[in-house]
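Engineer: Could you put the whole structure together from the sequences, leaning on the hints where they help?
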Amino acid sequence: MSLLEARNITKRFGGLEALTDIALTIERGEIYGLIGPNGAGKTTFFNVLTGFYQADGGDFLFDGAPLDITTAHEVAAAGIARTFQNIRLFGNMTALENVMVGRHVRTRAGVVGAVLRMQSARDEERAIHARALDLLEYVGVGARQHDLANSLPYGDQRRLEIARALATEPKLLALDEPAAGMNATETATLKRLLERIRADGTTILLIEHDVKLVMGLCDRVAVLDYGRKIAEGAPAVVQRDAVVIEAYLGGALA
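In case it helps, the numbering used here puts the sequence shown at residues 35 to 288.
Since the hints were made in silico from the structure, they are not lab data. Keep in mind the model is a prediction, meaning the values are calculated, not measured. C-beta atoms are modelled at their ideal positions from N, C-alpha and C, and glycine is treated no differently. Warning: the hint list may mix true and false statements.
Restricting the straight-line Cα-Cα distance to at most 25 Å, the calculated cross-link-like pairs of lysine to aspartate or glutamate (DMTMM-like) are [said to hold, decoys possible]: (1) K225 with E203; (2) K225 with D244; (3) K205 with D97; (4) K205 with D102; (5) K225 with D253; (6) K205 with E61; (7) K246 with E220; (8) K246 with D275; (9) K246 with E211; (10) K205 with E171; (11) K205 with D93; (12) K225 with D190; (13) K246 with E64.
The calculated label-pair distances, taken between Cβ atoms and stated as ranges, are [to be verified]: (14) A270 with P71: 18 to 28 Å; (15) D102 with F47: 20 to 30 Å; (16) D93 with A214: 27 to 37 Å.
Structural biologist: So this is what it looks like as structure tokens:
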């Protein structure tokens, strides 16, 4: 059974149709790439999927059931986590605190338990703390756990944002240009991290302008152009597609 099925997703902004009948299926355990020129609709698709925008047409099936998209919080609770093109960390909180915030979507103690400092709430808080530490080590920034997020090097901030997303225990991790601004060494480290995340059982949906990274990492790739899907398939097939090459202004995708 597929994990995510997008069925004819359409999104309009005034008279502009940003997405037109986007249909795609993401299988469990794969890394699925979404690429295209600037303005192709990639981030708009992410925003519809994760509850930031409401679709004007179409729907999603997620984990075998309709995905009722009303708020971003509910989408996270359903098992979809995302990162953003522009890093959205809590800059004046520590790296550890940022990941702990992400973990709270899976808490059960509630406000009363937290205020009264009930034993169950204290136990849960200790578990959140321990899991956050584990995730910081997992993404490679464990040594910076007490540093403020806005003081971290750029690559560490990117990995911290992934750790916070993983704290929600997602079935699908949606990453919006995670390699943006990274140098070659940082990108290679990111590639190994994403391969590890997939190996550990999390499906990944990836928007990325680094075509070399996409072609070396993804199992399948879909290409958007002017809000329409123009190609889909294995990376080796997509990068030879004449329509795709034309969409990239005649440049080779290799």
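Engineer: Look at each hint and say if it fits the structure.
Structural biologist: Hints versus structure:
1. K225 with E203: Status holds; Cα separation ~20 Å.
2. K225 with D244: holds, 11 Å
3. K205 with D97: holds, 9 Å
4. K205 with D102: Roughly 16 Å separates the two Cα atoms, so the pair holds.
5. K225 with D253: holds, 13 Å
6. K205 with E61: With a Cα-Cα distance of about 11 Å, the restraint between K205 and E61 holds, given a limit of 25 Å.
7. K246 with E220: holds, 14 Å
8. K246 with D275: holds, 16 Å
9. K246 with E211: Satisfied, since the Cα-Cα distance of roughly 13 Å is no more than 25 Å.
10. K205 with E171: holds, 20 Å
11. K205 with D93: holds, 19 Å
12. K225 with D190: Measuring from Cα to Cα gives roughly 14 Å; hence the hint holds.
13. K246 with E64: holds, 18 Å
14. A270 with P71: 18 to 28 Å: holds, 21 Å
15. D102 with F47: 20 to 30 Å: Between D102 and F47, where Cβ atoms are some 23 Å apart, the hint holds.
16. D93 with A214: 27 to 37 Å: holds, 30 Å
Checked against the numbered hints given earlier, the structure satisfies every one of them.
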